[in-house]
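J.: Following the hints, complete the assembly by docking chains B and C onto the known chain A.
So the chains spell out like this:
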Amino acid sequence: MQMLHPMPDAPMPKPKRAPLVTAQGLTVDMPLGRGAANVRIVDNIDFSIGVGERVALVGESGSGKSLTARALMRLDRLARLSGRIDFDGTDLLKLPEREMTRYRGDSIAMVFQDPMSFLDPLMTIGDQVAETLRIRGVGRTEARKRALAVLDELGVDRAAERLDSYPHEFSGGMRQRVVLAMALVGEPRLLIADEPTTALDVRVQDQVLDLLDDVSTRRGLAVLFITHDLGVVAGFAERVMVMYSGRIVEDGEVETVFARPKHPYTRGLIKAVPRIDQDLHKLYAIPGAPPPPLARPSGCPFHPRCSEAFDRCRSELPVVLDVAGERVACHLHDPLRA
Amino acid sequence: MTAPAISAPAARPRLNFSAFEIFVIGLVVLLLAIAIFGPLVAPNSVYNSDIANSLMPPSADHWFGTDDQGRDVFWRLIVGAQTTLLSAFLVVTLYSIIGVTIATVAAAGPRWLDEGLMRMTDIGLALPGMVVALGFAAAMGPSLQSAVIAMAITGWPITARMLRGIMRQTMEAQFVAGAQVLGVSRWRLMTRHVLPNSLDVLIVKWAGDIGTTVLVLASLSFIGVGAQPPSAEWGATIASARGFVSTAWWTVVAPGAAVAITSIAFGLLGDIIQVRRDPSLRGN
Amino acid sequence: MLLTIDRICKSYAAFPNPPARVLHEVSFGVNHGEALGLVGESGSGKSTIAKCLLALTRPEEGSITYDGIDVVNARGEDLRRFRREVQMVFQDPYGSLNPRMTAEDLIGEGLLVHGIARNSVERRSRVAEMMEMVGLNPDDMDRYPRSFSGGQRQRIAIARALVIRPRILVCDEPVAALDVSVQAQVINLLQDMQRKLNLAIIFVAHDLAVVRHLCENIVVLHKGKVVERGSREQIFGNPQNPYTQSLLAAVPVPDPALGRARREARHAAQAAG
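In order, the protein sequence lines correspond to chains A, B and C.
Residues in the first sequence are numbered from 1 upward in steps of one, following our numbering.
Residues in the second sequence are numbered from 1 upward in steps of one, following our numbering.
Residues in the third sequence are numbered from 1 upward in steps of one, following our numbering.
Chain A with its partners taken away, still in its complex shape (with noise of 0.2 Å):
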């Protein structure tokens, strides 16, 4: 008998700080295109994000990590979403659109992995970042002066002389600081980092991360920051959230993530990954792919790759459970295993 959710999650520890974002049973169906049916990319998760926490989101191809980020600014028009995303008190899925437009830029933006194709070619730098508050009403001297001041605290030199430059006369590194001036200048309490370095040459991104950091620490300001590079997340995050195909099976503090992963995938991943300070004789990989959204395998959708899976990971999805401080979704730590 194939169960489904038997019992509810886990309730999640008690953060070490107040949330800030808190999601319940969020569930992202996308459209396959040509009016077909809905395909679920993610599953019923829950997750929270601490007042000035830094989160890493990791994952695969298939895992829904950046869905589920867009899906916190619900920006998909095409996705289906369900569940609950409470911030600071309001349940942002039940927001109408125009009240759903205050919230982004204002308390939670967002940066993405290719700064030129977010920035208009045609517009001066000065005037994209100001924009975020022009279209709030902010006047045009103020919000200029504010603009000039975000780009100074991101480290762009002369910003003063080069705010009305262009997009094109900047490098790679330069033009990741302007959106992520774009970004900070309107104060939002959650920044969304969708692979923001992922592009970038690995000195240039060091500088970003620092910065991020800096940003992060001075203004309180949470972060949540999708990656598939565990060396940025043990650089950078607090915590972290591996997802799989659409769960997230493993959520705990990076020290003791790596340390002690309690997921095989997360273990998998971990060994998978060459280190710079290390010999390793061969690396482990993870037999198989990640699978797509439309053919998810039944049970647990890391079974088919899982050295350790048994009779009841075919059959049965984990559900998340309290491990050690940490959330995992496995059939392995359960006391009650079949």
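Worth flagging that the hints you see were computed from the coordinates, not collected in a lab.
There may be inaccurate statements among the hints.
[What the hints assert, rightly or not] With the Cβ distance kept under 10 Å, some of the chain C side facing chain A (calculated, not the full set):
1. Ala74
2. Gln194
3. Leu197
4. Asn217
[Said to hold, decoys possible] Per the computed footprint, the stretches of chain A lying under chain C, defined by three or more beta-carbons under 8 Å from a beta-carbon of chain C, are:
5. 40-51
6. 205-219
7. 252-258
8. 262-271
9. 279-287
Owing to the predicted nature of the structure, the values given are computational and were not obtained by experimental measurement.
Beta carbons: idealized from backbone N, C-alpha and C, even for Gly.
T.: Just chains B and C, lined up with the frame of chain A:
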């Protein structure tokens, strides 16, 4: 240990056709069927004069009436379809072959050859088909053949230009570099790798071109430079019926409508292929 | 030395500005069966070097010698041999395979071009053998690239390159576009193939951790110049050049304690400086 085989074919998008697409495709198929089988089923009376019955309006016996020679207009249209469509296909095929050859040589060859051929193409682009057709008619005497040749030799420049541009782009693709590194000969590189991946856009163009060519050929016949009466080619039919527009409108309207419908149908076919290739163009 | 490049220079036209120098007197060599890493950031010229090594583009100055053949000016029989013995795998699993050829066509093309397998039956069996070697199922050989995942496409690309048994494989970021768990599979595959076939590999990449794992010797490039070269132990254990040092210091490590230590060291330096 062998890897597991890919179990099912990758999710190919289901090919559901909209009502509009079915209509257009059905129409094109019908036209082609008429062109191929028309003359086989037409009664012999189509080729004979029957002056007694000339210029009769549409009736149960003659669905589109009769023309000035007493021939059934409907069946003449059916028979004429073969001439018209066949000529159009011939024209497009001819200039496509010329265009593809020139484009391939230009894209594959050294810079100077490419430049030279493209300058030739530019000159070719400057010559409008109809004007050349008039010239040919003057030189060789007007006929369907002279019109077809004229259209074929003025139609290739656009194909050549478009295809050469696309091929140059395709040649930048990594799989082409990979084939080069593998040691693939220039010839095989162009024919097996570059060309097959460059023809997509051209196919859309050629489908629509059949439609425009039908129209142009009919126009040439109409002004007396293409097919000559008593050919059942639609343009020629309209030409011979010109004098009877006010008294026997059906002799002009029927072939005119045939030309219009055919060129629109093929044009829409081109659009459908284009939209299916690249759904982002929907709504154009 | 199996392959040597000697002081090659290359520029690109940048009209109306003067031509931009991409490579300045780059020299290095590769031995039989050696895995050499070419590392650098964007603009370092490493991809241009790969193109020169594969005779896809010509350097303006300098020479490239493969087993006695002058690669830059190679013709006829020499060029044919070069093309058989030096192969490549590139980064983009989606652009590097002709979408209109089946896996069998793709993997078997080298056999056809170099007249290795006499008839199509023999070709097919060699293709099947190669597919097994790289971890693909021969039953899939009639499928087109679009049916395969990114990792599988890279395997096809590797099979295509190795079926003709080259002596050098030039890889330009072959795993950068793949998922982490799949990267490890392809990296292991490359290592395996290298050992089995005594293949020399020139691995062009920006990911230093992967290079450290695969390559026994490394050449570090910065803005078209070689700034340091050495063995794995030398480069990663005791880098001499300041650029190399800054590069290594910037690479993130999947170890939170290290990450935190780095951050604190940086804050201390900032507070002091």
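J.: So, against the hints stated earlier in the document, which numbers end up violated here?
T.: Hints 1, 2, 3, 4, 5 not satisfied by this model.
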